[in-house]
Amino acid sequence: MNGVHDMGGMDGFGKVEPEANEPTFHERWEGRVMAMVRAMGANGGVNIDSQRFARESLPPEVYLASSYYQKWFLAIENQLVERKMVGADEVEAGHALHTSPPLMRGPFTLNDVMRCATRGSFAREPQGPAAFKPDDKVRAKNINPVTHTRLPRYVRGHSGVVERINGCHVFPDTNAHGKGDHPQWLYTVVFDARELWGDDADPALKVSIDAFEPYLEKL
Amino acid sequence: MAHDHDHDHDHHHAHDHDHSELSETQLRVRALETILTEKGYVDPKALDAIVEMYETKIGPRNGAAVVAKAWTDPAFKQALLADATKAINALGHFARTGDHLIAVENTPQRHNMVVCTLCSCYPWEMLGLPPVWYKAAPYRSRAVKDPRGVLADFGVTLAKGTEIRVWDSTAETRFLVLPMRPAGTDGWSEDKLAELVTRDSMIGTGLPKNPTDMKS
Numbered sequence: 004m005n006g007v008h009d010m011g012g013m014d015g016f017g018k019v020e021p022e023a024n025e026p027t028f029h030e031r032w033e034g035r036v037m038a039m040v041r042a043m044g045a046n047g048g049v050n051i052d053s054q055r056f057a058r059e060s061l062p063p064e065v066y067l068a069s070s071y072y073q074k075w076f077l078a079i080e081n082q083l084v085e086r087k088m089v090g091a092d093e094v095e096a097g098h099a100l101h102t103s104p105p106l107m108r109g110p111f112t113l114n115d116v117m118r119c120a121t122r123g124s125f126a127r128e129p130q131g132p133a134a135f136k137p138d139d140k141v142r143a144k145n146i147n148p149v150t151h152t153r154l155p156r157y158v159r160g161h162s163g164v165v166e167r168i169n170g171c172h173v174f175p176d177t178n179a180h181g182k183g184d185h186p187q188w189l190y191t192v193v194f195d196a197r198e199l200w201g202d203d204a205d206p207a208l209k210v211s212i213d214a215f216e217p218y219l220e221k222l
Numbered sequence: 082m083a084h085d086h087d088h089d090h091d092h093h094h095a096h097d098h099d100h101s102e103l104s105e106t107q108l109r110v111r112a113l114e115t116i117l118t119e120k121g122y123v124d125p126k127a128l129d130a131i132v133e134m135y136e137t138k139i140g141p142r143n144g145a146a147v148v149a150k151a152w153t154d155p156a157f158k159q160a161l162l163a164d165a166t167k168a169i170n171a172l173g174h175f176a177r178t179g180d181h182l183i184a185v186e187n188t189p190q191r192h193n194m195v196v197c198t199l200c201s202c203y204p205w206e207m208l209g210l211p212p213v214w215y216k217a218a219p220y221r222s223r224a225v226k227d228p229r230g231v232l233a234d235f236g237v238t239l240a241k242g243t244e245i246r247v248w249d250s251t252a253e254t255r256f257l258v259l260p261m262r263p264a265g266t267d268g269w270s271e272d273k274l275a276e277l278v279t280r281d282s283m284i285g286t287g288l289p290k291n292p293t294d295m296k297s
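Here the protein sequences line up with chains A and B, keeping their order.
This note's numbering applies: residue 4 is where the first sequence begins, and numbers increase by one.
This note's numbering applies: residue 82 is where the second sequence begins, and numbers increase by one.
No false leads were mixed into what you were given.
Calculated cross-link-like contacts (lysine-lysine; reagent style DSS-like; alpha-carbon spacing at most 27 Å):
id	chain 1	residue 1	chain 2	residue 2
1	B	K150	B	K167
2	B	K290	B	K150
3	B	K241	A	K18
4	A	K18	B	K216
5	A	K87	A	K182
6	A	K221	A	K140
7	B	K138	B	K126
8	A	K87	B	K126
9	B	K273	B	K138
10	A	K144	A	K221
11	B	K158	A	K136
12	B	K273	B	K167
13	A	K221	A	K136
14	A	K18	B	K290
15	B	K158	B	K273
16	B	K216	B	K138
17	B	K167	A	K136
18	B	K290	B	K216
Derived, one-sided and incomplete: chain A residues facing chain B with beta-carbon distance under 7 Å:
id	residue
19	G11
20	K18
21	R55
22	L106
If you anchor each label on the Cβ, the simulated ranges turn out as follows:
id	chain 1	residue 1	chain 2	residue 2	range
23	B	G173	A	G47	27 to 33 Å
24	A	K136	B	G230	32 to 38 Å
25	B	L162	A	N24	30 to 36 Å
26	B	A240	A	L113	47 to 53 Å
The hints are simulated quantities; they were obtained by calculation from the structure and are not laboratory data.
From the three backbone atoms N, C-alpha and C, an ideal C-beta is built for every residue, glycine too.
Please take these sequences and the hints and turn them into a complete structure.
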């Protein structure tokens with residue numbers, strides 16, 4: 004979706020302000036949110052793509068005005084209600100009021116914690132040969148789905164070069180919506196900054212994205 | 082624990098929450114945790130353990146150890162650049178590194194910088210949880226268009242003519258920048274070299290510390 008989360012190339016957000024000696028969490032509740040999202044993801048309540056889509060789908064003014072972990076919280080709460088794992092009445096009451104469907108991999112316990120130390124694998128068996136190879140010239144398609152996609156707006160319609168093939172991966176565009184893995188070849192595609200931003204752009208700048216095969220067409 | 086108190090000391094957020102709004106967030110988070118616990122979805126002790134792991138075990142020291150090893154061991158560096166996940170997991174770190182970690186090497190000709198314009202993708206196992214600025218609009222919007230301006234915000238100026246390559250983490254690949262080893266560090270041990278490796282130098286928004294700034 005063409006949401007405010009797709010920020011590459013936007014102007015007006017001001018300077019980057021690093022914080023010296025930044026703590027892991029600024030507030031205790033931020034750690035609880037991170038842990039709940041990881042736990043519910045690890046045991047199959049939500050997946051990474053559906054969570055991203057839930058954050059992107061927050062109203063733009065909420066997205067822009069909320070801190071990072073506030074967005075995480077609003078998105079996980081929305082999603083658990085949407086998936087009927089938590090009732091709106093329970094959110095209101097602050098307590099469980101009825102039974103809910105079990106998690107795909109059961110309750111999240113201390114035995115599951117180490118699984119949250121490592122990112123899961125998104126590599127899948129290829130469904131066919133890769134359409135592109137390194138050095139191929141490609142164009143990022145001009146697509147504008149209202150659903151989840153990982154093709155940022157700033158490259159759409161622009162030409163680049165395939166630099167590497169990163170294997171075959173879960174396709175976020177379907178996985179976010181419960182429509183399966185649909186594994187796709189994943190490529191690092193490099194764009195010249197002048198192709199993306201015009202003749203005034205830095206001639207010594209190149210930008211790459213990792214693009215799934217359906218995002219690309221051969222030139 | 083240091084972060085148990087609940088008042089706001091994050092003054093960098095554009096979002097300037099007052100105490101009543103903050104406590105509403107706290108209450109809602111607490112309520113959701115209560116619900117998930119009562120339903121038997123999560124054990125709160127397991128949540129404690131996740132928080133503790135990210136506060137104490139998973140952080141930029143992991144990445145710094147990898148960089149320092151690459152600076153001293155040419156065979157490891159070659160393996161790291163060929164397949165970072167495989168090379169790092171062979172070291173037997175605290176936890177495995179997830180699939181598809183890609184190490185990208187800075188050279189006198191080329192500086193690498195990593196961003197996630199769409200969300201906040203970041204090599205957690207190597208660097209811990211990302212800092213607020215990495216996840217915030219100013220960095221996500223500008224890194225792909227004006228990385229030299231972003232570097233200036235960090236007080237970093239590259240040698241004239243250095244090419245910049247920005248890696249936008251749009252999929253489940255993750256990127257770790259291998260910064261250049263500072264001059265004047267001949268014969269240093271891996272442990273000592275690791276102290277020069279800053280988190281930002283592995284994102285590409287900083288450079289390693291200057292060896293002359295280190296206490297001996």
